[in-house]
Amino acid sequence: MNRRILVSIVVGGICAVAGAIGILESGAADVFLEATRPDFQKIPLGVVSIENNGGPEWLGGRLEEVLKKDVKRSLVFELMDLPSLGIKVRDVGNGLGNGSKAVFKQAADNGVSVLVWGKAGLKKGEKEDDVNMEGFVYDSGSDEVVGGKRYAGSPSVVRLMAHRFADELVFRYTGEPGIARTKIAYVSAQGAARELFVMDYDGYDARQLTADGFLNLMPRWSPDRRFLVFTAYRDRNTQDIDMIELATGKRWTLVSYGGLNITPALSPDGNFLAFASSHEGNSEIYRLDTRTKAVQRLTTNPAGELSPTWSPTGRELAFVSDRGGGPQVFLMSSDGSNVRRLTFEGDYNAAPAWSPRGNWIAYVCRTPRKEYKLCVISPDGQKRMQLTTGGGVDDSPSWSPDGRHLVFSSTADGKSHIYMIDADGKDLERLTFEGTHNSAPTWSPAS
Amino acid sequence: MAVVACFALVSTSGCSKKAVQSGGDTQSSQEKTAKGGSSDEAKSGVGTFPDTSMQSGGGSGLRGLDKNPSEERVSPGNGTMLAKADSSASLGRQLEEVRAEQAASAAAGLRDVYFSYDSWMISEDGRQVLSRDAEWMKSNPSSAIKVEGHCDERGTSAYNLVLGEKRAKAVRNYLVELGVSANRLSVVSYGKERPFCGEHAEACYQENRRGHLVVRSGK
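Taken in sequence, the protein lines are chains C and S.
For my numbering, count along the first sequence from 1 and bump the result up by 2.
For my numbering, count along the second sequence from 1 and bump the result up by 1.
Just so you know, not all the hints are guaranteed correct.
[Said to hold, decoys possible] Taking lysine-lysine pairs in the DSBU-like style, the calculated list, with each CA pair at most 30 Å apart, reads: (1) K85/S x K71/C; (2) K126/C x K68/S; (3) K126/C x K74/C; (4) K85/S x K90/C; (5) K139/S x K129/C; (6) K428/C x K71/C; (7) K125/C x K68/S; (8) K126/C x K70/C; (9) K70/C x K125/C; (10) K125/C x K139/S; (11) K107/C x K44/C; (12) K295/C x K372/C; (13) K103/C x K68/S; (14) K85/S x K126/C.
[Unchecked claim] Pair ranges (Cβ atoms, derived): (15) G437/C x K85/S: 43 to 49 Å; (16) A296/C x K139/S: 43 to 49 Å; (17) N141/S x Q388/C: 37 to 43 Å; (18) G65/S x R92/C: 45 to 51 Å; (19) G180/S x D337/C: 42 to 48 Å; (20) A194/C x K85/S: 19 to 25 Å; (21) D429/C x A108/S: 50 to 56 Å; (22) K139/S x A191/C: 35 to 41 Å.
If you're looking for bench data, these hints aren't it; they were derived computationally from the structure.
Where a beta carbon is used, it is the ideal one built from N, C-alpha and C, also for glycine.
Only chain S is shown next, with the shape it has when bound in the complex:
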């Protein structure tokens, strides 16, 4: 029926090998490498695109009113079929690794840096905290540190990712100034998406505006 007609292209959408390795939730059907060629992708950091343009003649699926209507079969999805979410192996592993990192960071006694509203400047308090953190990092030279940038719930989700990165980079840059090797320090912004505190109040907002230091597990 017309309703189902849009799925003809499903089988043509390929996935690169690289995507399979990086995606975590591997499916065997993803193994085929589409036209792009995975070696180019590895260099460029760009994966495979299917054709996503509106298919000509696809139309609205509407047939108009009819004086003598014939029966139309209505099927679930109506052109937007949804696969059931596959709870990937990634889910359990992520939770486990987050716990491991939290334990390692707590054992190291690393302290976090807090920021003012809309700001990524490191305060005097923040400098003192980072000086002590830097001492630990220097006396534990094999540790790899991740600096997470976090924001409070005010402002847009997207702009807070930029703000969170500015905060994380400000922390990393100051640690480098203090003599910590830059290649031990990675940064990541979580914007307002992984808050420490969920109330709509300044005390909570302050908790969430931070550079959070994590001892990375594994490599």
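If we strip away everything but chain C, and leave its shape as in the complex, we get:
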């Protein structure tokens, strides 16, 4: 655990000339870690600052704030409070001067493995000014500045620059793409209508996708994050499963049987759409081959079946059935065979979501006090944990692509809003504050 890495980010208008960075060469190998193991120790990382270098007053501070939150949420790093360790320097320059050497030593001596710093500024553009950011990384294990990034873009992408840099840090130390650039699709009330929206994973930059004035429900991402599938009501009287292309807003109908057409979910390889439909009587689960359009009925039961969720391999599905009275979570092979009940505790367990790492299934569990909370259970049923407590109805858990977080809706604060929580139930964070009703969040795959 003698891993010491200093990451520095230099963001800046001036440092654009990269000649000075010649000294940064080294043969340090990238470190890859399995960051979801229980014994995984977070990597201590300090963000010195993102100094303003000619940009608007808020620029450096905004980038620094977004970056720090991303680093914290990554759960790969432990964000160190540098001033409390006596590291009060704000400007490490290009990391080459004698002054920076002293800072690096101080960080290494205080157990900070990675030190990050940067600069940000404006560059005159033809039409509008460009924001640019430079970030650098010092690694105390190899005692060197291991590299950096330079970004440029319009002022509207400032947050995205910080997100990209955070993901680069996660990528370097885990080999995973990070979640800072992921999105969350959700349903938001517009008057009596419910429309689809998409926001950044941290709740910023919400955009409306549908505007048809009625109900659009339960969105799910395509594996390539270019589409959403969801339930819509055509002319209010019948339900369809629709698809919308995010880049164009084009929208069309995938499934339009009679009765319910709900809870669509594309398989991880995109080759199948699982969904529930009641066109043959009561709600059953079907599997549609997206290439041949062959439809296979997977369940046959006089009870209601719904909410299929794919295992990451695509070989199994978890789903809800009320064949025993109240809804419970069941498992089956993706051809409908080998059905077995997974949840036994409580009389209402629904809305399952299989973790992208495969090791947990999150769902809504009704407690003995009739509260609807989040639970997770291992697919073998051996381990079960209640993640949330208190009042309010929790619903629609959805995993982050790294399997370390869940997003869900809750009425804990009165109106329905969207929250994020770590997979172990820690660090509850509210993501939406606008509007009267936000629900059915679904986390995009990583880019």
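Assemble chain S onto chain C, guided by the hints.
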């Protein structure tokens, strides 16, 4: 740049004619019919699927830290470009039709049926209400009736859609028992998505657990 590279496939995603007719928010680019063939779709009720698999080599868009980093252009969307929502013609029409249905239903004096928590059994009160509703339906034989199933806010959004359908079907089945022709009765479940009342209290929950009878406008 790498960031924008993912949109090469946009132009290949087709939309069937059927989808255009049913979707409401028609765009001219949707007119082209993709491979599937719309006549098959009309029969099967299944529309056109684009390829949604992860593109091989698409990768994370991350290039790694660089000792001598060259400038990367960051553009909005970052691989998930979002079109601006197009306020379709459907929006105004929906609102108008909902108002027309409400007016017609109020004029008919149809009454709704209420349910207990987690239940779709029709109570004795409910039977009496439906008997009177059925009389009106029989004396107005040209009317088409929609039974909407509604639920309170407790429980999951998805399971409440199933519960709402059970309630709507229970109401429809009882009306058929009372002699109303089944082909005049349609059912739809709104789950907990179109509540009549928004407070977190039992009085409100009771208001929302209902089979709501609507005189359909038009056909």
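A quick look at each hint next to the structure:
Taking the CA atoms of K85/S and K71/C, the gap is about 28 Å. The hint holds against a cut of 30 Å. Only pairs whose Cα atoms come within 30 Å are accepted, and K126/C paired with K68/S is accepted, the gap being roughly 26 Å. With a C-alpha separation of about 33 Å, the suggested pair K126/C and K74/C falls outside the 30 Å cut-off, and the hint is violated. For a cut-off of 30 Å, the pair hint linking K85/S to K90/C is broken: about 45 Å separates their Cα positions.
Proximity of K139/S to K129/C is assessed by CA-CA distance (about 70 Å); at most 30 Å being required, the pair is judged violated. Proximity of K428/C to K71/C is assessed by CA-CA distance (about 15 Å); at most 30 Å being required, the pair is judged to hold. With a CA separation close to 22 Å, the supplied pair K125/C and K68/S stays within the 30 Å bound. Only pairs whose Cα atoms come within 30 Å are accepted, and K126/C paired with K70/C is accepted, the gap being roughly 28 Å.
Distance restraint check for K70/C and K125/C: the Cα-Cα separation of roughly 24 Å lies within the 30 Å cut-off, and the hinted pair is therefore satisfied. For the proposed pair K125/C and K139/S, the alpha carbon gap of about 76 Å is over 30 Å, so the pair is violated. Between K107/C and K44/C, the direct Cα distance comes to roughly 20 Å. Compliance with the 30 Å bound is thereby established for this hinted pair. Restraint check for K295/C and K372/C: the C-alpha separation of about 41 Å exceeds 30 Å, so the hint is violated.
The straight-line distance between the Cα atoms of K103/C and K68/S is roughly 17 Å, inside the 30 Å bound, and the hint therefore holds. Our distance criterion of 30 Å between C-alpha atoms is met by K85/S and K126/C, whose separation comes to about 29 Å. A hinted range of 43 to 49 Å is violated for the C-beta pair G437/C and K85/S, which are about 18 Å apart. For A296/C paired with K139/S, a C-beta distance near 44 Å keeps the hint of 43 to 49 Å intact.
Under the hint 37 to 43 Å, the C-beta atoms of N141/S and Q388/C, about 52 Å apart, miss the expected range. The given range of 45 to 51 Å is broken by G65/S and R92/C, whose C-beta atoms sit roughly 27 Å from each other. Range check, G180/S to D337/C: Cβ separation about 44 Å, and the 42 to 48 Å hint holds. Between A194/C and K85/S, the C-beta spacing of about 22 Å keeps the proposed range 19 to 25 Å intact.
Take D429/C and A108/S: their Cβ atoms lie about 55 Å apart, and the range 50 to 56 Å holds. The hint said 35 to 41 Å for the Cβ distance between K139/S and A191/C, and at roughly 38 Å that hint holds.
The structure fails to meet hints 3, 4, 5, 10, 12, 15, 17, 18 from the earlier list, while all remaining hints are met.
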